[in-house]
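Engineer: Below are the chains, spelled out letter by letter.
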Amino acid sequence: MSCATPLVDAFNRRISYLRLSVTDRCDLRCTYCMPERMTFLPRKEVLSLEELHKLALAMIDRGISKIRLTGGEPLVRRDVIELVQALGRKLGDRLEELTLTTNGTQLEQFAGDLAAAGVRRINVSLDTMDSALFEQLSRRNRLAQVLQGIAAAKEAGLKVKLNTVALKGLNEGEIPFLVEWAHAQGHEMTLIEVMPLGEVEGERVDHYLPLTAIRDRLEQRWTLTESAHRSGGPARYVDIAETGGRLGFITPLTNNFCASCNRIRVTATGELYACLGGAEKVDLRAALRSDEPDANLAAALDEAMRIKPERHHFKIERGEAPAQPRHMSLTGG
Amino acid sequence: MARDVCLLESDGWTPAVALEAFAAAHPQAGGLASFIGKVRPDEGVEALELSHYAPLTLPGMEALAEQTLARWPLDGILIHHRTGIMRPGAPIVLVAAAARHRRDAFEAADFAMDHLKSDAWFWKREKRSDGWHWIEPRAQDHADLERWQRDSRRTA
Amino acid sequence: MAITLVFLGKLADLAGTPDLQVAAPLDWNGLLASLPESLTEMAQGERVKLALNGSILAEKTALSANDGDEIALLPPVSGG
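Going down the list, the protein sequences come from chains A, B and C. As numbered in the working numbering, residues 1 to 333 make up the first sequence, in order. As numbered in the working numbering, residues 334 to 489 make up the second sequence, in order. As numbered in the working numbering, residues 490 to 569 make up the third sequence, in order.
Treat each hint with caution, since some may be false.
Only pairs whose alpha carbons sit at most 16 Å apart, straight line, appear in this in silico EDC-like list of lysine to aspartate or glutamate [as the list claims (entries may be wrong)]:
#1 C:Lys499 / B:Glu382
#2 A:Lys90 / A:Asp61
#3 A:Lys168 / A:Asp216
#4 C:Lys549 / C:Glu535
#5 A:Lys281 / A:Glu310
#6 C:Lys499 / C:Glu530
#7 A:Lys66 / A:Glu97
#8 C:Lys499 / B:Glu469
#9 A:Lys159 / A:Asp113
#10 B:Lys460 / B:Asp375
#11 C:Lys499 / B:Glu459
#12 C:Lys538 / B:Asp452
#13 B:Lys460 / C:Asp502
#14 A:Lys281 / A:Asp302
#15 B:Lys371 / B:Glu382
Hints are computed from structural coordinates only; laboratory data are not their basis.
Using the sequences and the hints given, assemble the complete structure.
Structural biologist: Structure below.
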């Protein structure tokens, strides 16, 4: 197999990380992600598992060395484990890491399979450990299932990182306890500022909580030291002496991290968004379903590199339309 | 998922937080029984140090959890144990069991605690004004273990 | 490479060190000979257990260790 030109954009950023959504469906309805009545994509518009596989292989050939499966909720896609297994076979052969982000509800069922396929680390979204708040935020009563899923992942030997969205007035007070619990369990955790994607119920700005506020609160309780650790992503880390764990902060609105971006996102319908916060995209599905898929795919990827913007323009203001009309559920975070 | 076993090397740990998470993971249980062991606030004791042996300690705790799960019909078992230096009054160990019936929850927690005291790979020493002193196991701890064997012979 | 001896609990105090490197191979008699005197009698007693690479030896006298192995001497436990 020849090594095709690696993906490098107009700002000389080497693109090595693909975030691939395998579905827009989810078994939860987190209020900041999608509305209760969501219009889901018709099945024929969604890439088949074979198409997803072919796309991923083409990407690996262009130098993508890390693939994260996302959604919606990736584990609700039927037979997705087959895709995980197929991609897992590329590990060590130009693919260095295969991972996924999940809400955890299906982990008890799939943790073992994921580990067997070569997944080593996963991200689990968890905003609260309070059942009532969980139901309020996700509109589903599934906290116990999620916690058991996290335990199953740990038992299967998967390293878990919890992703927690900071929501003012909702989980704000609970965050220190979440951090403590996560670290006691041996999990890492990352706190995320709420991002303005998609029209959802309620005003997102009401729940916007700058992470500096949380950091101050944590510093009253614990000793935080800046960590030199870099994951190649937007998170900045601190080490917490008392819990022995590491805490990441992702602050898209207050800290611009675009200069070191290494990633692209593909939706379940094969649209490649060059930037989470931008509208620039190319249609990979059209290429895949054309008469010359390989050539057209290569051309589409080159185009994506040309149009990738230098930075995002996220901001949240009351009454303002979201920066991007598409929901977070289309690409995952 | 039935088993929540952690060996805690840092001291930013509150049993209440772990218990709440455990309860949230087992909402169908009829009851939860728990025990917290603390560093006895003893005049003259400035600190307590627990040491462990990595190849044995956590695997031993996990095996104990499995044993407990095998012996009683439980929804879940939790064993969290600190290692390292602690102050008087600090929590050392948390054991909790969730079950349909309270008798199972109580007995399982009791069984796990007895085995953590006498069978788990930890060593304790306390700091007094004249230095560190190793703590020897008490005869009571071993007698405690035996009652679980007598009981199982009775039901056999 | 060598064999690592690890002393747990009060044995570390008695040995004057938490661990020791000794030459391979090592059997039971070899172990006793390489132990500091303060420990030799204790090591033979019933209350001190032996682990080879993280597995408890049912029969201490059957010890047979090679390059890169780790032997732990474990005194009576006190946990909880």
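Engineer: Look at each hint and say if it fits the structure.
Structural biologist: Taking the hints in turn, this is what the structure says about them:
1. C:Lys499 / B:Glu382: The given pair, whose Cα atoms are some 12 Å apart, holds under the 16 Å limit.
2. A:Lys90 / A:Asp61: holds, 11 Å
3. A:Lys168 / A:Asp216: Satisfied, since the Cα-Cα distance of roughly 14 Å is no more than 16 Å.
4. C:Lys549 / C:Glu535: Distance ~10 Å between C:Lys549 and C:Glu535 Cα, so the pair holds.
5. A:Lys281 / A:Glu310: Cα-Cα ~14 Å, so holds.
6. C:Lys499 / C:Glu530: holds, 14 Å
7. A:Lys66 / A:Glu97: Roughly 5 Å separates the two Cα atoms, so the pair holds.
8. C:Lys499 / B:Glu469: Roughly 10 Å separates the two Cα atoms, so the pair holds.
9. A:Lys159 / A:Asp113: Given that 16 Å is the threshold and the Cα spacing comes to 14 Å, the pair holds.
10. B:Lys460 / B:Asp375: holds, 11 Å
11. C:Lys499 / B:Glu459: holds, 12 Å
12. C:Lys538 / B:Asp452: Given that 16 Å is the threshold and the Cα spacing comes to 12 Å, the pair holds.
13. B:Lys460 / C:Asp502: Cα-Cα ~14 Å, so holds.
14. A:Lys281 / A:Asp302: holds, 12 Å
15. B:Lys371 / B:Glu382: With a Cα-Cα distance of about 12 Å, the restraint between B:Lys371 and B:Glu382 holds, given a limit of 16 Å.
Hint compliance for this structure: every hint is met.
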